[in-house]
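With numbering that gives the first Met the number 0, you'll find the sequence shown wraps up at 135, consecutive numbering, no jumps.
Calculated directly from the structure, the hints in this document are not laboratory data. Quick caveat, the model's predicted, so the values are computed rather than measured. It is possible that part of the hints are untrue.
FRET-style restraints, in silico, Cβ to Cβ [unchecked claim]:
1. Gly113 to Asn91: 33 to 43 Å
2. Asp17 to Tyr78: 15 to 25 Å
3. Arg96 to Asn61: 20 to 30 Å
In silico DSS-like cross-links for lysine-lysine, where the CA-CA straight-line distance does not exceed 27 Å [unchecked claim]:
4. Lys87 to Lys7
5. Lys62 to Lys7
6. Lys51 to Lys41
7. Lys73 to Lys7
8. Lys73 to Lys51
9. Lys26 to Lys73
10. Lys51 to Lys72
11. Lys72 to Lys26
12. Lys7 to Lys72
13. Lys87 to Lys26
14. Lys62 to Lys51
15. Lys72 to Lys62
16. Lys62 to Lys87
17. Lys51 to Lys7
18. Lys62 to Lys26
Backbone N, C-alpha and C define an ideal beta-carbon position, used for all residues, glycine too.
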Amino acid sequence: MAQRGLNKICLIGNVGQDPEVRYTQDKNPVVVFSVATGESWKDKESGETREKTQWHRIVVYNKLAEVAAAHVKKGTQIYLEGRLQTRKWTDNLGAERLSTEVVVDMNGMMQLLGSKPVADRPTEQTETEGETGQTE
0 MAQRGLNKIC
10 LIGNVGQDPE
20 VRYTQDKNPV
30 VVFSVATGES
40 WKDKESGETR
50 EKTQWHRIVV
60 YNKLAEVAAA
70 HVKKGTQIYL
80 EGRLQTRKWT
90 DNLGAERLST
100 EVVVDMNGMM
110 QLLGSKPVAD
120 RPTEQTETEG
130 ETGQTE
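Input sequences plus hints: build the corresponding full structure.
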């Protein structure tokens, strides 16, 4: 009998763009968005603080997808629990690609945290959006 492993990921980060809502053939909602997480460290040679941002593709299914579609917006700070999934797909040029994404379904969790979406922030604060905005 093969031993089972554990595939669980927990993230706290900021949503990079408003979620995209899609539906399966069975009319079940699927919501896709990206989340930025960051880390910082002190460079040993220069003594300067360095920062690095990682972008994560998030895919939310079913009832949690309905909640995400209604409440998640660009700039929202969010806590997610899900599983990593890698899928193979073919691009417009016929090349096979791999994508790794965090899947949040009935076994996962999603919680909105303290920060407000970008649309609700005062204008002067939106100047820092470029620091958390996604580029692909």
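| Which of the stated hints cannot be reconciled with the structure, identified by number in ascending sequence? | Number 14 - this is the single hint that the structure violates.
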